[in-house]
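Each chain, letter by letter, is given below.
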Amino acid sequence: MEFIIFLIIFPFILSLFLLIPSEKLRNVLVRVGSGIIIGTVIIFAFFYLNKSPMYFHLEIGKILDKILFGSEFIIGIIILAICIKHKKFLPSLFIILHLIIMTYYEINYAHEVKVDSYLYFDQFSIIMALIIGIIGTLVCVYAIGYMKDYHNHHKEVKDRSNFFFFILFAFLSAMFGVVFSNDIHWMHFFWEITTYCSFILIGYSKTEEATKNAFHALNLNMLGGLVFSIGFIYLFANYHTIELNKIIALKGTIALLPIALICFAGIVKSAQFPFSSWLLGAMVAPTPTSALLHSSTMVKAGVFLLIKFSPLLQNTVTGYMIAIIGGLTFLFAAFIAISQKNAKKVLAYSTISNLGLIVACAGIGSYETVWAAIFLIIFHAIAKSLLFISVGVVEHKIGSKDIEDMDNLMTRLPQTTIFIVIGISGMFIAPFGMLISKWAALEAFVNVHSIISPILILIISYGGAVTIFFWTKWLGKIISINNVEQSKMPVGKEMDFDQWISLFVHGVLTVLTCVAFPLISMFAIEPYIHSIYNSSHGLGRSNVIIMIIMVMLIILLPLILMTLQKRKQFHQKEVYMGGRNVDTFLKFEGSMGVKKELNNKNYYLEKYFNEKKINDLGIWLSLVAIIIMLVGIK
Amino acid sequence: MSFLKKSPWLIHYDGSSCNGCDIEVLACLTPVYDIERFGIINTGNPKHADIFLITGSINHQNEPIVKNIYNQMPNPKVVVAVGICATSGGIFAECYNVKGGVDKVIPVDVYVPGCAARPESIIDGVVKALGVLEEKYKNIKKKDHH
Amino acid sequence: MNLNDIILAIEKNKISLIVALVYIIFAPIIGGLLAGIDRIITARMQNRVGPPLLQPFYDVFKLFSKKTMWINRFQGPFVFCHLIFMICTGALFFEGRDILLIIFMLSVASIFFILAAYCTSSPFSIIGAERELLLIMAYEPMILIMLVGFYKVVGSFKFYEIILSGKHLILYLPGVFLGFLYVLTIKFRKSPFDLSYSHHAHQEITKGITTDLSAKSLAVIEISHWYENVFLFGLIFIFFSSFNWILAIIITLFVYFFEILIDNTYARVKWEWVLKSSWAVALIAGGGNIILLYLLNIK
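For the protein sequence lines, the chains are X, G and E, in the order given.
Taking the working numbering as reference, the numbering of the first sequence is continuous, increasing by one, and the terminal residue is 634.
Taking the working numbering as reference, the numbering of the second sequence is continuous, increasing by one, and the terminal residue is 1146.
Taking the working numbering as reference, the numbering of the third sequence is continuous, increasing by one, and the terminal residue is 2299.
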């Protein structure tokens, strides 16, 4: 229990110290604090991962309830003040409603509430803690170098980076709270804190666009939070419990409406259609924000909640509708990613798409899909975070986040490019995690005996094919090499040490999780699945063998070949350009003797995968699904 | 023995030909002559080709292109000049813009005369070139040994 | 001898590894011979005599005796990885592993091929690579749908288990077979879908994805294409495996003949058409078939 309380409280206390206006002290604190958090979660996981779930009662729980209510009120009023200052009507309304509902709960129900265990942990929340504790803090460490660069590049933005770090760590603290709370009221409190934190982080630069997007994110997530609170009050009014484990134990007898309401909040937070727009808007924020929102926190809180409730969703219309929403999001976001040139937008859409798959798995709620979903969470968090932070480095170095400007990246920024290659491979190449989890999801969907099954199978077949397309063309772009550029070797340092160490650990983790895949399954995920479903799913031995062969091949083969090639002398030749090459590599002779530079561009197929059209279609279809879901028929 | 003789792939380049020889070259592919019988394929790409088949004379415009294509062919390779223009410049030899035959810019191994060269003689020239190709292959091998 | 007996014997004596080895050794020979037959049949369809049967082998041996021109030092490793992954794909398939994972391995092989073209920065190669990617996007859904179809009928993703079930897959999955036949044209690199590179003489993008490969690297690609073809024959064979196995092989060869016929009677189409039509066929024929299986709950 000490571990849990430490993990929730320590980042928050640390964050308060970060407000001290001294850059040097702050950097040291961030590094040391991150080290402590990483160390704690690793020791915690080491001791408790193989233990059965534990639930804790707090003697001071009642008092803490009051404190939480009080702080919720104070924070709410602060945010309300910001909204009023910016003359934003809708979010003000949401916050006022939120405060009214919370007060209503406090007056009418709070005294009746008897909670046996406020906090808990099981294997799944330990895995989440590992993701938050390691990936989240690594992003913070990366932010040390990044924010310095950021303010050098954006002189117009006022340097409030201490405040930025304060929010980052408060965010981590809230995330730990979400994954360790057994009391849904507490979970909701932390949930709202993550909403507020992301609101502040997105609006960091205070430009018009940032402010607009920040309020958009606040709007949608507040809406989700409101529905969440209605859901849990409804639960309490009818079932007299707001404890997660007890609610899940009610499987089969519980009404689905409150569950659907809570899942609605999860869908909003995990940026599914029709609410995906807030996550895209979040791209205006400095890179660490996007890395954090997209990988280890925020959106993962959404899918965490859905997976927690997914046993209740199994074989219900509500669950099927959630699966459909996830499936549609998976497919349509992948479609849109094809037509995007902006690297960060490709990453954003791919996040939405992958979250869609996780949500689809959660909606089906069988033990196989939950198994796949947890793996998707792990692999996605690591690889996506790696991609975001390395694209952040590229953006500062080449001054663009357009994929079309990333020719010859391999020679210009060799180190960063290798990390991007690892990240992209992690996203879609077998045997890296994402693809393997996708495969597991497909196998799981096949076993569902409902008409939903072939629909999801079709969705995953098409979505998977599309995913290959947009990742490979990006991968191809950054590894394309020509001799002209080879002479223009990078000038100066690619990144500073904080950034490098963060990238490096991410890269190692991407590969390591892939190698340790069977182990993670055996020691962490299978026990969790077993504790809930009493039946477990794992990789067959035969498949583990294929995996090992693939891992060997994909990691060792290119390395060995490259080293062999290094020693070899070979005749470097020009490429074929119809015989019209001129002296240098990328120039050719056009008509009338004009020398032109060759420029290769990728396909974006905008005519067929138009962002707006597909977005609209996705929103309408998923709105229908959401309405059916909220009706909550069994 | 190598398999070069059994699978000569060629690239055809039209210098400043009147297209007479080109049509005859393409006629070799038709069912009447069917050069694929000998494993000959007309690739469009110097990097895949063994035989460089040129029709028409060399002028100042196409000189760098002929050189470039020749350089992009992997060794061993041979050049066949098809038609009288390619061998010597033919009736265009005296033109202000014409440099002359192909051998003015790259080494030619087989000359196929004729205006236009008949398909039979083109095929004959290519088959002759195969002997040269084999010879070059042996030389390269010898060189590699030393 | 009955096919089932052979497979049972393989399963029982755990000699599937030997089958995989047989594949590794003989697949290029079978693939090369079939390519030779393809070229002769194609020539005959065009009223020509055509090359000798062993011509594909002559070509590959010749390519090996030439000097390779590498564009940069990444090209070689990528091409080689492509071959290795292709061999593993087929070997694991005939060894009887999960076909779904094997299809993902096949995609990895294709991705290496594409990267080999991308890394050159050559205009023709890159257009070829992009088109290859489009083709992957076009055929991938159908292949996955096909595997799900197998699973739905048989309950397994493994080659031997599917064959041993003795179910007449072609009767359960006619739509899926039709869709597979459609995308098979892409996989065999046959016209009208030979967008990224063609075995025929000229193409509007020179030799597409293989433009900047030469000599040995080209030979490696050719060999891996043979491996791939034999693997694809295995996939076709599955549909007919419940019949007499000689008959099944004859039907498989007939399917190949059919692809050659299509190759010689249709002109290359634009990428839009390939993508749209393959997706539509996969959805209607393949997806329709699967949905019917679920609705009727056929086992």
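Since the hints were derived computationally from the structure, they do not count as laboratory data.
Treat the hints with caution; some may be incorrect.
Computed footprint of chain X on chain E; a stretch qualifies when at least three of its residues, placed anywhere within it, have a C-beta under 8 Å from a C-beta of chain X [what the hints assert, rightly or not]:
id, stretch
1, 2065 to 2073
2, 2087 to 2100
Simulated restraints on C-beta separations [unchecked claim]:
id, chain 1, residue 1, chain 2, residue 2, range
3, X, VAL594, G, LYS1104, 34 to 42 Å
4, G, ASN1075, X, GLU606, 38 to 46 Å
5, X, GLU606, E, ILE2006, 51 to 59 Å
6, G, ASN1075, E, ILE2006, 15 to 23 Å
7, G, ASN1075, X, ILE418, 52 to 60 Å
Okay, derived cross-link-like pairs now, DSS-like style, lysine-lysine, Cα gap no bigger than 30 Å in a straight line [as the list claims (entries may be wrong)]:
id, chain 1, residue 1, chain 2, residue 2
8, X, LYS341, E, LYS2276
9, X, LYS596, E, LYS2276
10, E, LYS2270, X, LYS345
11, X, LYS114, X, LYS212
12, G, LYS1143, X, LYS595
Note that beta-carbon positions come from the ideal geometry of N, C-alpha and C, so glycine has one too.
Comparing the hints with the structure gives:
no.: 1; hint: 2065 to 2073; result: holds (count 7)
no.: 2; hint: 2087 to 2100; result: holds (count 5)
no.: 3; hint: X:VAL594 to G:LYS1104: 34 to 42 Å; result: violated, 26 Å
no.: 4; hint: G:ASN1075 to X:GLU606: 38 to 46 Å; result: holds, 45 Å
no.: 5; hint: X:GLU606 to E:ILE2006: 51 to 59 Å; result: holds, 53 Å
no.: 6; hint: G:ASN1075 to E:ILE2006: 15 to 23 Å; result: violated, 48 Å
no.: 7; hint: G:ASN1075 to X:ILE418: 52 to 60 Å; result: violated, 34 Å
no.: 8; hint: X:LYS341 to E:LYS2276; result: holds, 23 Å
no.: 9; hint: X:LYS596 to E:LYS2276; result: violated, 35 Å
no.: 10; hint: E:LYS2270 to X:LYS345; result: holds, 29 Å
no.: 11; hint: X:LYS114 to X:LYS212; result: violated, 42 Å
no.: 12; hint: G:LYS1143 to X:LYS595; result: violated, 39 Å
In this structure, the earlier hints numbered 3, 6, 7, 9, 11 and 12 are contradicted, and the remaining ones agree with it.
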